[in-house]
Amino acid sequence: MAKSKDLYSTMAETWTPVSSQLVTGRRWTAAIWFGVVFLATVAGSTGTWFFLPTFWAGLVTVVSLSAVVGLWVWSWIWAARNQASWGYVESDEELLVRGGLLFRRVVVVPYGRMQFVDVAAGPIASKLGYASVTLNTAATATAATIPGVPTLEAHRLRDRLTELGASHDSGL
Amino acid sequence: MTPDSEPTPETIRFTPDPFNKTPEGVVPTTPPNPPMGALGGEGQRTHPLSGLVQGLLWGSGVAVAFSFSSFTNGEWLIGLISLPAGFVIGFIAGFVPWWFTRFIINDEEIRVESGFIFRKSRRIPFARLQSVDINQPLVARLIGMAELTLEMAGGGDSKTQLRFLPLPDAKNLRRMLLNRAHGVGAPATLGSDASVDMQGTFGNDNATTPRTVIATVAPDRLIIGILMTLDFAGIVIGSIALVITFQIFGIPFAVIGGLFPFLIGTYQMVSNRVLAQWDFTLSRGDRGLRITRGLLNRSSQTIPFDRIQGITMVEPYLWRKFGWVRLDVDIAGYGVSTEENGISETTLIPIADRAFALQLIAELVPDSDSDNAEVSAVSGRSRIFAPIGWRFRALTRSADTVSSTTGWVTRRTSTIPQSKIQSVAVDQGPWQRRRGLATLTIHSPDGPVEVGLKHMNVDEAYGVALDEADRARLARSAVTRR
Chain A
0 MAKSKDLYST
10 MAETWTPVSS
20 QLVTGRRWTA
30 AIWFGVVFLA
40 TVAGSTGTWF
50 FLPTFWAGLV
60 TVVSLSAVVG
70 LWVWSWIWAA
80 RNQASWGYVE
90 SDEELLVRGG
100 LLFRRVVVVP
110 YGRMQFVDVA
120 AGPIASKLGY
130 ASVTLNTAAT
140 ATAATIPGVP
150 TLEAHRLRDR
160 LTELGASHDS
170 GL
Chain B
0 MTPDSEPTPE
10 TIRFTPDPFN
20 KTPEGVVPTT
30 PPNPPMGALG
40 GEGQRTHPLS
50 GLVQGLLWGS
60 GVAVAFSFSS
70 FTNGEWLIGL
80 ISLPAGFVIG
90 FIAGFVPWWF
100 TRFIINDEEI
110 RVESGFIFRK
120 SRRIPFARLQ
130 SVDINQPLVA
140 RLIGMAELTL
150 EMAGGGDSKT
160 QLRFLPLPDA
170 KNLRRMLLNR
180 AHGVGAPATL
190 GSDASVDMQG
200 TFGNDNATTP
210 RTVIATVAPD
220 RLIIGILMTL
230 DFAGIVIGSI
240 ALVITFQIFG
250 IPFAVIGGLF
260 PFLIGTYQMV
270 SNRVLAQWDF
280 TLSRGDRGLR
290 ITRGLLNRSS
300 QTIPFDRIQG
310 ITMVEPYLWR
320 KFGWVRLDVD
330 IAGYGVSTEE
340 NGISETTLIP
350 IADRAFALQL
360 IAELVPDSDS
370 DNAEVSAVSG
380 RSRIFAPIGW
390 RFRALTRSAD
400 TVSSTTGWVT
410 RRTSTIPQSK
420 IQSVAVDQGP
430 WQRRRGLATL
440 TIHSPDGPVE
450 VGLKHMNVDE
460 AYGVALDEAD
470 RARLARSAVT
480 RR
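Protein chains in written order, with numbering that gives the first Met the number 0: chain A, 0 to 171; chain B, 0 to 481.
The hints are simulated quantities; they were obtained by calculation from the structure and are not laboratory data.
Incorrect hints may appear among the rest.
[Said to hold, decoys possible] Examples of chain B residues toward chain A, derived with CB under 7 Å:
1. Val425
2. Gln427
3. His442
[Stated by the list, open to error] Far from chain A, some chain B residues (derived; all Cβ distances over 10 Å):
4. Pro96
5. Arg110
6. Ala361
7. Phe391
[To be verified] FRET-style restraints, in silico, Cβ to Cβ:
8. A:Leu101 to B:Val63: 43 to 49 Å
9. A:Thr13 to B:Arg433: 26 to 32 Å
10. B:Ile91 to A:Ala119: 55 to 61 Å
11. B:Ser59 to A:Trp32: 22 to 28 Å
12. A:Glu89 to B:Ser476: 47 to 53 Å
13. A:Ala83 to B:Phe304: 46 to 52 Å
Built from N, CA and C at the ideal position, the CB exists for glycine as well.
Produce the complete structure using the sequences and hints provided.
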């Protein structure tokens with residue numbers, strides 16, 4: 000058997016992907032944050048022109064602005080790759096959730112262990128029609144969050160999980 | 000007066016609420032809200048002394064705070080007025096919460112109603128009750144009072160405390176709650192005799208089930224054990240290093256100043272643990288274990304067998320030479336950071352012989368399938384992350400339990416029954432990915448027990464995770480069928 004080093008490539012399941020709107024939403028969020036940071040950086044580096052020699056002021060301006068723009072571009076790319084990393088599987092007995100790029104994680108949560116399921120959506124998320132679904136068991140370490148589930152699907156998932164949780168419940 | 004001393008016959012009956020208008024000895028014909036007093040609303044208050052004492056404490060505190068500056072400034076008149084005024088305000092502040100707190104017990108739950116302006120009501124269904132503890136802080140102990148702590152599974156605020164009740168009442172109430180938590184004595188199943196039975200269980204101590212003491216820890220052993228732990232060794236090495244340093248630089252007087260904090264720290268550490276674990280007794284009843292401990296503050300914890308989520312055996316380096324271990328236990332509701340006086344209430348036994356501990360683990364987390372246990376080791380590729388430690392890690396799985404061993408200085412062996420597993424996770428960080436490794440974690444309710452294996456081969460880790468999910472499911476259905 001070929002040894003794969005990557006966690007995700009060892010898994011054979013068919014994963015339900017999360018909404019592609021998550022990419023748009025995260026890019027918007029990044030745009031708002033980086034927009035503010037960008038303006039602040041512009042103002043800050045303009046200030047340096049008043050008391051630094053032209054060469055140094057220019058250097059500060061170029062370096063700080065390109066750092067901000069660089070991070071912005073990176074977050075743009077990250078949004079798409081991170082969205083692609085998320086997925087879930089509703090098997091007969093367990094819910095499997097995978098996700099994360101730098102730190103990769105798979106959680107297997109038996110339905111009978113589910114204590115409660117949260118559905119949350121911020122203003123951008125609800126505008127774009129997706130929500131995050133979080134599963135909680137009696138162990139805080141579980142906290143399996145699936146970001147970017149389409150809103151209708153998120154509610155269906157919550158209802159189904161709650162229902163399965165009740166029917167499989169085996170007490171603590 | 001210790002929590003487990005038998006109450007005298009006069010104090011057995013649940014102390015009547017002075018405001019209780021129900022005549023003595025009248026057995027209600029309908030079971031709900033058994034022997035509870037009624038004042039306008041339903042329910043029962045804790046003992047009036049707790050309100051009174053709380054009021055007096057607050058009263059004197061506020062009185063001093065109010066009048067102190069006036070007296071020191073020589074404004075005697077203002078001081079004389081503010082002294083009683085402060086006392087009245089403080090007394091009310093201490094007394095009112097007691098007055099407005101009531102607890103109600105019915106068929107399915109205990110309910111605690113509190114608050115004057117902002118009413119708060121908390122329901123504790125018996126089925127959700129994880130454990131019931133009795134604590135006696137020193138002051139309460141002097142007047143024969145005890146505090147009852149009810150633990151439910153859940154996040155930070157999952158404890159409910161009733162303070163204070165007379166000790167015999169607290170014990171009766173605990174017995175009743177634990178019985179109910181196990182579906183015994185519930186009026187629904189016992190029919191019309193239930194109310195009588197309720198009264199009996201509540202007001203009568205004859206129903207006490209016999210308890211057998213399975214272990215006691217003598218104070219000398221406790222102290223020797225503490226002196227041989229690593230944190231103590233650290234303090235000793237630290238002070239020696241300090242003395243040497245000062246000798247080299249030739250400042251002998253600074254030695255005293257430098258050592259002083261060390262000595263104080265050591266003294267506090269040792270005395271806190273010794274005080275809290277004084278007369279540590281582990282006993283066994285029908286349905287659970289009981290821990291009683293403490294020299295000044297007595298505490299008595301009850302741990303139902305079926306609420307144990309996992310056990311960890313801790314073996315500090317020096318202890319291993321003598322074959323000593325400590326046992327920590329996971330109970331949903333206790334959580335991780337419930338330390339009082341540096342002593343965790345999750346300690347099942349602070350020091351014991353290894354053979355005894357293994358026997359206890361085998362009893363509490365039975366494993367009938369240990370012959371078929373599968374052992375997973377750490378990948379040799381993880382050497383770079385833990386050059387020595389990687390050899391000491393292993394995961395053992397049978398049909399009944401999953402356990403893991405870690406550590407070469409302090410060794411920890413943690414065991415979780417398969418039927419209690421909450422979830423399973425595989426994590427892979429960037430460095431692990433480069434070496435094809437992943438960390439497997441078996442989740443149990445928050446507590447000292449952590450089972451998992453770091454740096455396994457990634458495909459093996461994922462395979463084990465899926466297999467664990469299967470084993471856990473089989474074990475759960477076996478428990479439900481029983």
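To see whether the hints hold, each was checked on the structure:
{"no.": "1", "hint": "Val425", "in the structure": "holds, 5 Å"}
{"no.": "2", "hint": "Gln427", "in the structure": "holds, 4 Å"}
{"no.": "3", "hint": "His442", "in the structure": "holds, 4 Å"}
{"no.": "4", "hint": "Pro96", "in the structure": "holds, 30 Å"}
{"no.": "5", "hint": "Arg110", "in the structure": "holds, 21 Å"}
{"no.": "6", "hint": "Ala361", "in the structure": "holds, 22 Å"}
{"no.": "7", "hint": "Phe391", "in the structure": "holds, 23 Å"}
{"no.": "8", "hint": "A:Leu101 to B:Val63: 43 to 49 Å", "in the structure": "violated, 57 Å"}
{"no.": "9", "hint": "A:Thr13 to B:Arg433: 26 to 32 Å", "in the structure": "holds, 28 Å"}
{"no.": "10", "hint": "B:Ile91 to A:Ala119: 55 to 61 Å", "in the structure": "violated, 42 Å"}
{"no.": "11", "hint": "B:Ser59 to A:Trp32: 22 to 28 Å", "in the structure": "violated, 54 Å"}
{"no.": "12", "hint": "A:Glu89 to B:Ser476: 47 to 53 Å", "in the structure": "violated, 19 Å"}
{"no.": "13", "hint": "A:Ala83 to B:Phe304: 46 to 52 Å", "in the structure": "holds, 47 Å"}
This entry does not satisfy hints 8, 10, 11, 12, going by the numbered hints stated previously.
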